[in-house]
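**Q** Chains as they are written, first to last, in the numbering used here: chain V, 1 to 288; chain U, 1 to 325.
Hint data in this document are derived by calculation from the structure and do not stem from the laboratory.
Glycine included, C-beta positions come from ideal geometry on N, C-alpha and C.
Among these hints, one or two may not hold up.
[To be verified] Facing chain U, from chain V, some residues (calculated, C-beta under 7 Å):
1) I25
2) P124
3) P157
4) A212
5) L218
Chain by chain, the residues run as shown.
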Amino acid sequence: MTTDLKRSPNRRPLQMSQLGLHLLIAFLLLLSLVPTVIMINLSFKNGLQYRWERWTLSLPLRGSNYLSAWDVIDAYMINTVLVAVVGLAGVLILSLIGGYVFARMRFPLREPLYYAIIALLMVPWVLSFIPAYMLYNNLGLLNTRWALIIPNVAGGPIFGIFLMRAFITGIPEELYESARCDGAGAWSLIWRITFPLSLPGLATLSVLNFVAEWNSFLWPLVTISDMSKQVISVGLFRLSRTTNDSVDFGSGGPLFAGYVLASIPLVILFIVLGKFYVEGLVESGIKM
Amino acid sequence: MSSVQSTQTDSAPSGRLSWRRMSPSTSLSWRAFRRSWQAYALLSPIFALLIVFVYYPPILGLIRAFFRWRPGVPATFVGLDNFVTYFTYAETPHELVNIVKLLVFGLFAGIVMPFIMAELIFFVRSPALKELYRLLVIIPMLVPGIVTVLLWQKLYDPYLGPINDMLRAMGLDQFALNWLGEHRIAIYAIMFVGFPWVWGVGTLIYLGGLGQISESVYEAAALDGCTGVGRVMRIDIPLVLGQVRLLAILAIINAITAFQNILVLTDGGPGFSTMVPGLTMFHSAFRAQKFGYSSAIGLLLFIIAMSGTLIINRGIRPANEELRQ
Numbered sequence: 001m002t003t004d005l006k007r008s009p010n011r012r013p014l015q016m017s018q019l020g021l022h023l024l025i026a027f028l029l030l031l032s033l034v035p036t037v038i039m040i041n042l043s044f045k046n047g048l049q050y051r052w053e054r055w056t057l058s059l060p061l062r063g064s065n066y067l068s069a070w071d072v073i074d075a076y077m078i079n080t081v082l083v084a085v086v087g088l089a090g091v092l093i094l095s096l097i098g099g100y101v102f103a104r105m106r107f108p109l110r111e112p113l114y115y116a117i118i119a120l121l122m123v124p125w126v127l128s129f130i131p132a133y134m135l136y137n138n139l140g141l142l143n144t145r146w147a148l149i150i151p152n153v154a155g156g157p158i159f160g161i162f163l164m165r166a167f168i169t170g171i172p173e174e175l176y177e178s179a180r181c182d183g184a185g186a187w188s189l190i191w192r193i194t195f196p197l198s199l200p201g202l203a204t205l206s207v208l209n210f211v212a213e214w215n216s217f218l219w220p221l222v223t224i225s226d227m228s229k230q231v232i233s234v235g236l237f238r239l240s241r242t243t244n245d246s247v248d249f250g251s252g253g254p255l256f257a258g259y260v261l262a263s264i265p266l267v268i269l270f271i272v273l274g275k276f277y278v279e280g281l282v283e284s285g286i287k288m
Numbered sequence: 001m002s003s004v005q006s007t008q009t010d011s012a013p014s015g016r017l018s019w020r021r022m023s024p025s026t027s028l029s030w031r032a033f034r035r036s037w038q039a040y041a042l043l044s045p046i047f048a049l050l051i052v053f054v055y056y057p058p059i060l061g062l063i064r065a066f067f068r069w070r071p072g073v074p075a076t077f078v079g080l081d082n083f084v085t086y087f088t089y090a091e092t093p094h095e096l097v098n099i100v101k102l103l104v105f106g107l108f109a110g111i112v113m114p115f116i117m118a119e120l121i122f123f124v125r126s127p128a129l130k131e132l133y134r135l136l137v138i139i140p141m142l143v144p145g146i147v148t149v150l151l152w153q154k155l156y157d158p159y160l161g162p163i164n165d166m167l168r169a170m171g172l173d174q175f176a177l178n179w180l181g182e183h184r185i186a187i188y189a190i191m192f193v194g195f196p197w198v199w200g201v202g203t204l205i206y207l208g209g210l211g212q213i214s215e216s217v218y219e220a221a222a223l224d225g226c227t228g229v230g231r232v233m234r235i236d237i238p239l240v241l242g243q244v245r246l247l248a249i250l251a252i253i254n255a256i257t258a259f260q261n262i263l264v265l266t267d268g269g270p271g272f273s274t275m276v277p278g279l280t281m282f283h284s285a286f287r288a289q290k291f292g293y294s295s296a297i298g299l300l301l302f303i304i305a306m307s308g309t310l311i312i313n314r315g316i317r318p319a320n321e322e323l324r325q
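Can you make the complete structure from the sequences, with help from the hints?
**A** Dropping the structure here:
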């Protein structure tokens, strides 16, 4: 990059610097994608190919690895989807209600109550992790799916209300005025006006929440001991540990096919919700 | 943080008064509360869940940090014993050194590298390629976090890993090390996961910030001959300080509290060479059943992370908002 790109009357240095830029970006992206490419390549290999030609493409591709992988991780995938979707439903409902109340209703102590919620964003999980485990232990919720659903339903609306309040504040007041004139109560203002108009905000929140649930690892690792209720992250972790030398799974290919399968829900979500996916990722950074 | 403040000012819709602006006598009277029963009724399930499952655990942790606390046994108050135990534990200085290493490195990987990547993409002229690069930055994020770490474990494998395969192919057999298995190197191998650290959320956050800089600022700068690297130093960096602050806070909290990667890659080993306080907290709770001691370490980490956050919040002041679109 030269410092005086724009003043240069000759366009060639500009082209050259753009070419250099593209090469540099391509190099960095290539390095970033190496693990992903290796994962996909290894997922199609049989035991011998895995042993002797790990880093090259070997034909024929062994697609049956995916069937072997699915047989082992199907329960983990289904458990995770189940827990994530049930939790997400709760998060969306509570965030919509909370966002509406704080954006549109007028009542004493509104701001203190709002900040009492938002302040919780500042509490790092490290302070709550151990005592939360004991709380779920005392409530008899360990090793039940509730141990995975409740933390999300209770904690998800914290950021959800922050996000939805900002979003709902942007809805024009006239829409509410006319509905109120027709005698609509708070409940129908939420479901008939706010809900359809805040779908983009809810989509962002859904992505954010689902990705976080799909990635959650430490909490299910300690709270769920029964592997039939376990989620995908912990399931893959255990498989990577226990099956290294076993004949059926640990020959390599199927394990990597399992890694690819575990990525597919996120890929689908990204394809379906593109823009909201990116927003969800960025918001997740802000959320901490 | 700045977004929290901005919603505060936007939040009172036209024709409505925030509670602050109402006189206290009307706003806090019983009548006002009773007239607003609907709002409280709608909020009650949210607060019920928050109080039991979100407020209560950290408060319990704060208290039980001063107790001996095991499942099924009544907790006994032990004063500062848990803290004294941690500070006199032989491995503690070592764990703190590891945290400092992770922190210094985390600030570089979390702030500098994403910024370089975002600037490179921002300088691309072709809108289509710009969009393509942004898309490719996202692809590695579509792999679950645990899978990324497990993949890196495979990359490091001393016998079957591509890193050592490559070194041997180049005739550099003496450098084909057991990356996660040697005392001196393991902590650096853990840091290296995610190389070249340009594909995280950071790049997207910076791209968002750079996109907000007003075109007129760039035009004025170009007229003064301020382009290229000079523009980056004098215009872009001051105007993305808000993003820098956010990513610095994230990097600090992450370096101090996160231990998931270490748990998966080395579990603190070999020996104690990659132990960090977070992992000691985890082990003392779930292997040794010392939940009071574990809560004390959690509290210490909270205090350190909070102080770091406050220092960054004071130290980095974002530039004038008017220069953004």
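**Q** Run every hint past the structure and note whether it holds.
**A** Quick rundown of the hints versus the structure:
no., hint, verdict
1, I25, "holds (5 Å)"
2, P124, "holds (6 Å)"
3, P157, "holds (6 Å)"
4, A212, "violated (10 Å)"
5, L218, "holds (6 Å)"
When the structure is compared with the earlier hints, a violation turns up for hint 4 alone.
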